[in-house]
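Assemble chain U onto chain E, guided by the hints.
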Amino acid sequence: GENVEQHPSTLSVQEGDSAVIKCTYSDSASNYFPWYKQELGKRPQLIIDIRSNVGEKKDQRIAVTLNKTAKHFSLHITETQPEDSAVYFCAASDGGGYNKLIFGAGTRLAVHP
Amino acid sequence: EAQVTQNPRYLITVTGKKLTVTCSQNMNHEYMSWYRQDPGLGLRQIYYSMNVEVTDKGDVPEGYKVSRKEKRNFPLILESPSPNQTSLYFCASSFATSGYEQYFGPGTRLTVT
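Residue numbers (the working numbering), protein chains in the order written: chain E, 696 to 808; chain U, 627 to 739.
In isolation and in its complexed conformation, chain E is listed as follows (with noise of 0.2 Å):
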């Protein structure tokens, strides 16, 4: 079955800094790759997310790459400011077609002023 692995586990950038998560998958055939943000004690919220139809897609300061070949996706944050500070999750589609997710464990994200 599908596999999610992401990095880092943690990171800590200025305000202003940029901050790339990266993650890989396992399964050729995922073809939606979300990314949700979890505030402290709140549920994920979708950010951004990506086809495989497409290798880049951009929302004001956050973007997302695809490269299929590799099977790897990144979340891209420009202009970091504090609020910015959650834990980030990647996910991969399961390849069956349906909307089942696999997520990866989790990247907090902490902007100092």
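Straight-line C-alpha distance at most 30 Å; calculated DSS-like pairs for lysine-lysine:
hint, chain 1, residue 1, chain 2, residue 2
1, U, LYS643, U, LYS697
2, E, LYS717, U, LYS683
3, U, LYS691, E, LYS737
4, U, LYS697, E, LYS737
5, U, LYS691, U, LYS644
I should point out that these hints are in silico values taken from the structure, not numbers from a laboratory.
This is chain U only, laid out in the frame that chain E set:
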């Protein structure tokens, strides 16, 4: 308002005392899923359902049961809870086809003593 609800939000119980955590969604979603979240392990899927009367095991199903008698409800049942089931539980729902956002409930923090 489109939402996923869970009850109870917090529960402290004793080993062996059967309990049910309810999950309900009002978005007419076919797909529903239960995850448990433990530090350093991310979101691990317990059970999922593709539609009414269709359920399947996720990655960590031992000690749990589910049912899907109605489209909107997907209860999680712990027949004989044990301390290793102490965790934060999330229900999620989405449309069944790959590529749709999964909406998470607010979470249920369960402690088994």
